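Colleague: Take a look at the letters that make up each chain.
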Amino acid sequence: MPMNVPFSAARIRDEFPVFRHHPDLIYLDNAATTQKPLAVLDAERRFYETANANIHRAAHRLGSAATDAFEGARTRIAAHLNAAHPDEVLFTRGTTEAINLAAHSWGRAHLRPGDVILLSTLEHHANIVPWQLVAQATGAIVKPIPLDADGTIDQRAFLSLLTPAIRLVGLTQCSNATGVLPPLAPMIAAAKAVGALVMIDGAQGIAHGGVDLQALGADFYAFSGHKLYGPTGVGVLWARRELLAKMPPWQAGGEMIDRVSFDGTTFAEPPFRFEAGTPPIAQAVGLAAAMDWLAGHDRDTLLRHELALRERFEAGLVQLDCIRVLSASAPRGPITALAFDGLHPYDVAQFLDGYGVAVRVGQHCAGPLHQALGLNGSLRASFAAYNTEADVDATLAALATTLEQLA
Amino acid sequence: MPMNVPFSAARIRDEFPVFRHHPDLIYLDNAATTQKPLAVLDAERRFYETANANIHRAAHRLGSAATDAFEGARTRIAAHLNAAHPDEVLFTRGTTEAINLAAHSWGRAHLRPGDVILLSTLEHHANIVPWQLVAQATGAIVKPIPLDADGTIDQRAFLSLLTPAIRLVGLTQCSNATGVLPPLAPMIAAAKAVGALVMIDGAQGIAHGGVDLQALGADFYAFSGHKLYGPTGVGVLWARRELLAKMPPWQAGGEMIDRVSFDGTTFAEPPFRFEAGTPPIAQAVGLAAAMDWLAGHDRDTLLRHELALRERFEAGLVQLDCIRVLSASAPRGPITALAFDGLHPYDVAQFLDGYGVAVRVGQHCAGPLHQALGLNGSLRASFAAYNTEADVDATLAALATTLEQLA
Amino acid sequence: MSSYPPPFDHPFGTRIDRDALAQRLEAAAGWEAKNRLLVQLARELPPLPDALRTDEHRVAGCESTAWLVIGRQEGRLLAAADSDSRIVKGLLALLLTAYHGHTPAELAGFDFEAWLVSLGLQRFLTTSRGNGLRAMSRMIREAIAEFSH
Amino acid sequence: MSSYPPPFDHPFGTRIDRDALAQRLEAAAGWEAKNRLLVQLARELPPLPDALRTDEHRVAGCESTAWLVIGRQEGRLLAAADSDSRIVKGLLALLLTAYHGHTPAELAGFDFEAWLVSLGLQRFLTTSRGNGLRAMSRMIREAIAEFSH
Ligand SMILES: Cc1ncc(COP(=O)(O)O)c(C=O)c1O
Ligand SMILES: Cc1ncc(COP(=O)(O)O)c(C=O)c1O
Numbered sequence: 001m002p003m004n005v006p007f008s009a010a011r012i013r014d015e016f017p018v019f020r021h022h023p024d025l026i027y028l029d030n031a032a033t034t035q036k037p038l039a040v041l042d043a044e045r046r047f048y049e050t051a052n053a054n055i056h057r058a059a060h061r062l063g064s065a066a067t068d069a070f071e072g073a074r075t076r077i078a079a080h081l082n083a084a085h086p087d088e089v090l091f092t093r094g095t096t097e098a099i100n101l102a103a104h105s106w107g108r109a110h111l112r113p114g115d116v117i118l119l120s121t122l123e124h125h126a127n128i129v130p131w132q133l134v135a136q137a138t139g140a141i142v143k144p145i146p147l148d149a150d151g152t153i154d155q156r157a158f159l160s161l162l163t164p165a166i167r168l169v170g171l172t173q174c175s176n177a178t179g180v181l182p183p184l185a186p187m188i189a190a191a192k193a194v195g196a197l198v199m200i201d202g203a204q205g206i207a208h209g210g211v212d213l214q215a216l217g218a219d220f221y222a223f224s225g226h227k228l229y230g231p232t233g234v235g236v237l238w239a240r241r242e243l244l245a246k247m248p249p250w251q252a253g254g255e256m257i258d259r260v261s262f263d264g265t266t267f268a269e270p271p272f273r274f275e276a277g278t279p280p281i282a283q284a285v286g287l288a289a290a291m292d293w294l295a296g297h298d299r300d301t302l303l304r305h306e307l308a309l310r311e312r313f314e315a316g317l318v319q320l321d322c323i324r325v326l327s328a329s330a331p332r333g334p335i336t337a338l339a340f341d342g343l344h345p346y347d348v349a350q351f352l353d354g355y356g357v358a359v360r361v362g363q364h365c366a367g368p369l370h371q372a373l374g375l376n377g378s379l380r381a382s383f384a385a386y387n388t389e390a391d392v393d394a395t396l397a398a399l400a401t402t403l404e405q406l407a
Numbered sequence: 001m002p003m004n005v006p007f008s009a010a011r012i013r014d015e016f017p018v019f020r021h022h023p024d025l026i027y028l029d030n031a032a033t034t035q036k037p038l039a040v041l042d043a044e045r046r047f048y049e050t051a052n053a054n055i056h057r058a059a060h061r062l063g064s065a066a067t068d069a070f071e072g073a074r075t076r077i078a079a080h081l082n083a084a085h086p087d088e089v090l091f092t093r094g095t096t097e098a099i100n101l102a103a104h105s106w107g108r109a110h111l112r113p114g115d116v117i118l119l120s121t122l123e124h125h126a127n128i129v130p131w132q133l134v135a136q137a138t139g140a141i142v143k144p145i146p147l148d149a150d151g152t153i154d155q156r157a158f159l160s161l162l163t164p165a166i167r168l169v170g171l172t173q174c175s176n177a178t179g180v181l182p183p184l185a186p187m188i189a190a191a192k193a194v195g196a197l198v199m200i201d202g203a204q205g206i207a208h209g210g211v212d213l214q215a216l217g218a219d220f221y222a223f224s225g226h227k228l229y230g231p232t233g234v235g236v237l238w239a240r241r242e243l244l245a246k247m248p249p250w251q252a253g254g255e256m257i258d259r260v261s262f263d264g265t266t267f268a269e270p271p272f273r274f275e276a277g278t279p280p281i282a283q284a285v286g287l288a289a290a291m292d293w294l295a296g297h298d299r300d301t302l303l304r305h306e307l308a309l310r311e312r313f314e315a316g317l318v319q320l321d322c323i324r325v326l327s328a329s330a331p332r333g334p335i336t337a338l339a340f341d342g343l344h345p346y347d348v349a350q351f352l353d354g355y356g357v358a359v360r361v362g363q364h365c366a367g368p369l370h371q372a373l374g375l376n377g378s379l380r381a382s383f384a385a386y387n388t389e390a391d392v393d394a395t396l397a398a399l400a401t402t403l404e405q406l407a
Numbered sequence: 001m002s003s004y005p006p007p008f009d010h011p012f013g014t015r016i017d018r019d020a021l022a023q024r025l026e027a028a029a030g031w032e033a034k035n036r037l038l039v040q041l042a043r044e045l046p047p048l049p050d051a052l053r054t055d056e057h058r059v060a061g062c063e064s065t066a067w068l069v070i071g072r073q074e075g076r077l078l079a080a081a082d083s084d085s086r087i088v089k090g091l092l093a094l095l096l097t098a099y100h101g102h103t104p105a106e107l108a109g110f111d112f113e114a115w116l117v118s119l120g121l122q123r124f125l126t127t128s129r130g131n132g133l134r135a136m137s138r139m140i141r142e143a144i145a146e147f148s149h
Numbered sequence: 001m002s003s004y005p006p007p008f009d010h011p012f013g014t015r016i017d018r019d020a021l022a023q024r025l026e027a028a029a030g031w032e033a034k035n036r037l038l039v040q041l042a043r044e045l046p047p048l049p050d051a052l053r054t055d056e057h058r059v060a061g062c063e064s065t066a067w068l069v070i071g072r073q074e075g076r077l078l079a080a081a082d083s084d085s086r087i088v089k090g091l092l093a094l095l096l097t098a099y100h101g102h103t104p105a106e107l108a109g110f111d112f113e114a115w116l117v118s119l120g121l122q123r124f125l126t127t128s129r130g131n132g133l134r135a136m137s138r139m140i141r142e143a144i145a146e147f148s149h
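In the order they appear, the protein sequences are chains C, B, W and Z. The numbers in our numbering rise by one with no breaks, and the one at position 74 of the first sequence is 74. The numbers in our numbering rise by one with no breaks, and the one at position 112 of the second sequence is 112. The numbers in our numbering rise by one with no breaks, and the one at position 48 of the third sequence is 48. The numbers in our numbering rise by one with no breaks, and the one at position 20 of the fourth sequence is 20.
No lab work stands behind these hints: they were computed from the structure. Be careful, since some hints might not be right.
Unchecked claim - Ranges of calculated distance between the beta carbons of each label pair, as one might list FRET restraints:
1. C:Asp341 with Z:Met139: 51 to 57 Å
2. C:Arg299 with B:Phe7: 31 to 37 Å
3. W:Ala135 with C:Leu159: 44 to 50 Å
4. Z:Glu56 with C:Ile141: 29 to 35 Å
Said to hold, decoys possible - If we take Cβ atoms under 10 Å as the criterion, some of the chain Z residues that face chain C in the derived model are:
5. Asp17
6. Ala33
7. Leu38
8. Val59
9. Ser83
As the list claims (entries may be wrong) - According to the in silico footprint, chain C covers these stretches of chain Z (three or more CB under 8 Å from chain C):
10. 18-32
11. 84-95
12. 104-118
Note that the structure is predicted; figures quoted are calculated from it, not measured. Even for Gly, the Cβ is constructed at its ideal location relative to N, Cα and C.
Let the sequences and hints guide you as you build the complete structure.
Modeller: In C-alpha cells form, the structure reads like this:
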C-alpha cells in the first residue's frame, strides 16, 4: 500500500528508537545489520506479552494464539515474497543457516562425485563455504565464476562454464561488499537451460527493492531478518514445494517428526520437516512485522531514495583525493565500497567513528572478491531507508577532515 | 544473590506482563515454554534501542557496544552454569540445534561402524533422532536403555549395557514428559568409566534448580532460552574446551572462518568455529538477562516452591477418580503427568482450557517413553516460579468439574 | 469407497442439519457449554465399526486419533467418522453435518472453515501441523472434486 | 627470540614511559584527539625491518595486519611491533611502552587491559574474535611467564 504522503527520510528515521538514544549517530553500516522500527519491536513484545506459548499441538487458547501468530507470519512473509505457497517458507536463524540447510539437505542427498557447483566470485562466505563442505563430503567440485576487470561477473566465462555437469549455480542478488547487482534474469535462465538449480543469496537484495519469487525463477532463495529491519535470530530459506518434497531432513528433533521409536523414525512434511525443535517464534512474528512495515511504504520510492544517497555520496567523493569507488560504473545497490591510496581503511573508519559515522572495513566476508580485486580490505558505506541527505553530507565532511588528519 | 525478603509467588507473577493481559490465566504449560519477565523483555528491547549493530570486527562504537553485550552475555551465562571458560558456551537456536550440532560435528568426525550410542528411553526426540541420523551416516548403533516398571531408567540394565563400544551416553536431566530425574551423578561416572562421553539434555533441568557444569562431569550440556524465562530463538551447547578443539565445524559461513578462498578455507577457533553467520544477538542478551533474573532469586527456594505446588496438586488429585500420576513415586521435578481411565487427555485439556487452565496433552515429543508406558498420550501440568497455590486449587476444581462433565 | 447403509447410518447431515446445529451452538454460550455440546454430539454419533477403524481410514496428525470414511451414492457424498476423543468426535459430527448426504451442487460455495469460525469454533482450526479438522475437510472437498468430473 | 639492538631499537618503554603516555592521552580529550595522538605515536615507532615482517611474527585475527617480535636480554623483556594501520600501530606503541625493556618483577601485578581502560581506550579492547591487542598482550605475558621459570 504505497502511501499518498510524500516520502520523508526524516519521518522514517523517527520510527527508529535507536536514533532517539543516539541522536547524532550516522549509521552507514546497514549491510551488516539494520536498525529496527518501533513496529517491529512492538510486534515482538506484543507477542511475548499476549500470545506467548509453544506452537503446534497446543490444547489451549494461548497455544492457538501463538500458533496462529507464527503460521500467520509464515503466510504473510510468503505473500510479501510472492511465493506460490506458505509451505515454501522455512524459518531458519538467518541467511547462513538457510544456505547450510540447502547444502546439507539437498546437497548431500543429490550431489554425486564429479557434479559441479558454480559460484560467483562475488559471493559472501555464507554462499561459498557450505558448498565447499558439501563438495568435500560428496565428491562434487566447487568452481568459481571469475570477475571482469570492473568487479562484475564475467558473463562470457559464466556461459562457457555452464555444462550439464553443473548441478547448482550460487549467485548473490546484490554483493554485500561492493553492491554489484548481477544480471540475475539471464543468468538464472542460462543455468536452468543446462538443468542446474539456482540458489540466490538475497541477504542484501531483499532489503533494497525486495523480490518476486515467482518472477525470479530461482530454486532456492535465502535471507536474514536482521538485515531487513527485523529481529536477529530469524531468516528464511525459500524453495519450491516440489524441491522441498524431495529433500531429506537435516536437523532432527521435535516438530519435524511423524513418529519416533528406537526401531525407526518417520518425518513430517515440509515445512515442518525442516524446522526441528522450537523455532524462533517471536522473531518470525517480528520478521513478518518488518515486511509488513516495508510494504506500508512504496518500495520503489525507498530504493530510489537509497540510490540517490549513494549518488550524492559518490558525487561528493570526487572532491577528495586518493579515494577509489569499487565497481564504480557497474549496476549497484545502495552500497559504496572504497579503497584508499596509501591509507588503511581501518584508520579512516576509526576517524569517522570519532565523528559519529559508523561504516565497516575489512573484507566483509567476501574474501575471494577481495583477492580478485587485489585488495586486503575496503571501507563500506551502506544506505538504508532512514538515512538522510544530511547523513551523507556530514559523512563527506568527516571524510575530508579524516583525510587531512591522516595526510 | 538470595534476597532477604520472604519468597512470594504472587510478587514474581507481577513481574510477568503476560498476566496483566491475561489476569485469569492459569499457565501450567511451562515445560513447553515459560513466560518472560519484564527484565528479559526490557533487556532485549534495550539492546535493540541502544546497542544494535552486527558484532565482531566492527570499526565503530555501536559495533563495540553490541559485541560487548553479546560476549558479555556469553561470559555471564558461563558463570551461571559454572563453566570453566566462556569459550565453552556456544550459542544455538535451542536445545534441539545444540544436540544436532554435537551429533553432526562430534558424531560424524568420531563415530565408527559398530560404535554404540546409548540413550535412555526417557529422552525427548531431540536427544534421539539426531543420534539416529548420525548413526545411519556413520554405521554406529543407537541402543535404548530400558525403563523400570515405574518409568525410571533401569539401572541394572544400564550397567550391563555399558561396554567399551559405548562412545556416548545421552541422558535427560529431567524428563519433559513425566518429570523423572535420573540419578545423573552415578550414571555419568559409570559412563566415563568405560570411556564414553555423556550428553546431558538440560532443557527441563536447568529451569528447576539450574546446573553446576564443573560438578556435573558431563561432556555436553544443552538447553533452550525459551524454557528458562528467556527469549525464543536462542539456546546453548556447552562442551569442554578440549572436546570442542577436536570438533570440526558443522554449519559454515561468516564469523566461523579464518580465511576463505576457492582453493581452501581455514576455520576459526571455538566458540566462533561453531557460530556460523550472525548469531541470535539480541536473544543471547535476553537469555543472559533471564539467567541474571533467576540468579536474583534463591534457586533452592524457587525449586522448593515449584515442588510444593506439584505436591499440593497431586495430593488434591487423590480425591478424584480414574486419574493416575505417572512415575508417581519416582524422584521428579515440578511436572505431573496424568493418565485417565476411559477419558481422552485431549478432552480433559479442552475442558480445562475452557476454565482458563493451560496444560499440554500428547506424547510431548517422548514417543519411546509413551510406548514403554503403553500409553497413547498423557496430560502434563508443569509448574514455574510464577505459579501459585491458587493456580493449583483452581486447577483441581476445574479438573473435578471436567470429570463430571465427561462422566 | 464403501456403500450405504452401514457405516453411513448416522443422523448428521440428514436428520440433523447445519441450521439445527448452528442454533444449538449459538445457545451454548461460553467455552464450557460449547465443550459440553461437542461431547453431547459425540454421543449422538454412532461408533464406526471396528472393521473400518483401520490405518486406511485413519487421519494422521491429530492430537487424538480420528477415522474418516468417504463414500458416494446417487450423486451424494457420504461420510462417516469417529475419534477416540469425544471433543474431536463432536467436531467430526459438525463436519458430517456439513457434508454427509449432500450433492456437489448443494455444497457449491460452502466453506466449512468459515462456518466453524461463524460458530465461534475457530480455536479448533488453529493452523497447526496436520490439523485434523482442516485436513479432513480438505479430504472431503477433494473427494467431491473427484466425483464432480 | 632475536637479540638487541635492532629490531628492538625504539623509544617506547625506555625513553617514553607509561606516565608520559598517560599524560599525553589524558590531554587528548575526545575521540578525534585520541585518534590523532595514536597516529602521532605510530610516527614515533620506527618500522619493523622487512626481514621481520614474516608470517612467523604476524598476529592473526586483526582487522589490520600486525607483527610482534618478542625477545629477552639480561632478564628484561624486549618487544617490537608494527602494523599497516596507523591507529593499530599507535596502540602497539602503548603495548611496547608497557612491556618493552621491563623485568618480570617490574611487571608483576600490571594489567595492560585495565591500563587501557583507565586511559579511556576500552573501545579497542572490545571482546572480539582474535582481538589484536588482547591477543598480543597475552602473547607477551606468556613469554614473560616462560622466562620467569
Ligand atoms: C550477501 C550476504 N550473504 C549472507 C550473509 C550472511 O547473513 P547472516 O549473517 O545473517 O546469516 C550476509 C550478511 O553478512 C550477506 O551480506
Ligand atoms: C527434555 C527436552 N529436550 C529437548 C527439548 C527441545 O527443546 P527446543 O524445542 O527448545 O529445541 C525439549 C523441549 O521441548 C525438552 O523438554
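Colleague: Indicate, hint by hint, whether the structure satisfies it.
Modeller: Hint check results:
At about 32 Å, the beta-carbon gap between aspartate 341 of chain C and methionine 139 of chain Z misses the expected band of 51 to 57 Å. The hinted range of 31 to 37 Å is not satisfied by arginine 299 of chain C and phenylalanine 7 of chain B, whose Cβ atoms lie roughly 53 Å apart. Separated by about 47 Å at the C-beta atoms, alanine 135 of chain W and leucine 159 of chain C satisfy the suggested range of 44 to 50 Å. Look at glutamate 56 of chain Z against isoleucine 141 of chain C: about 34 Å separates their beta carbons, and that is inside 29 to 35 Å.
Annotation: interface hint on aspartate 17 of chain Z violated; nearest CB of chain C at approximately 25 Å, more than 10 Å. Hint status for alanine 33 of chain Z: holds, given a least beta-carbon distance of 9 Å to chain C, under 10 Å. Hint status for leucine 38 of chain Z: holds, given a least beta-carbon distance of 8 Å to chain C, under 10 Å. Hint on valine 59 of chain Z is violated. Least Cβ distance to chain C is approximately 14 Å, over the 10 Å limit.
Because the smallest distance between the Cβ of serine 83 of chain Z and any Cβ of chain C comes to about 8 Å, under 10 Å, the interface hint for this residue holds. Taking a C-beta to C-beta cut-off of 8 Å, the region 18-32 of chain Z contributes 3 residues in contact with chain C, enough for the three needed, and the coverage statement holds. For the region 84-95 of chain Z, the proposed coverage by chain C is satisfied: 5 residues have a C-beta within less than 8 Å of a C-beta in that chain, meeting the threshold of three. For the region 104-118 of chain Z, the stated coverage by chain C is violated: 0 residues have a C-beta nearer than 8 Å to a C-beta of that chain, whereas at least 3 were required.
Hint check: violations occur at hints 1, 2, 5, 8 and 12; the rest are consistent with the structure.
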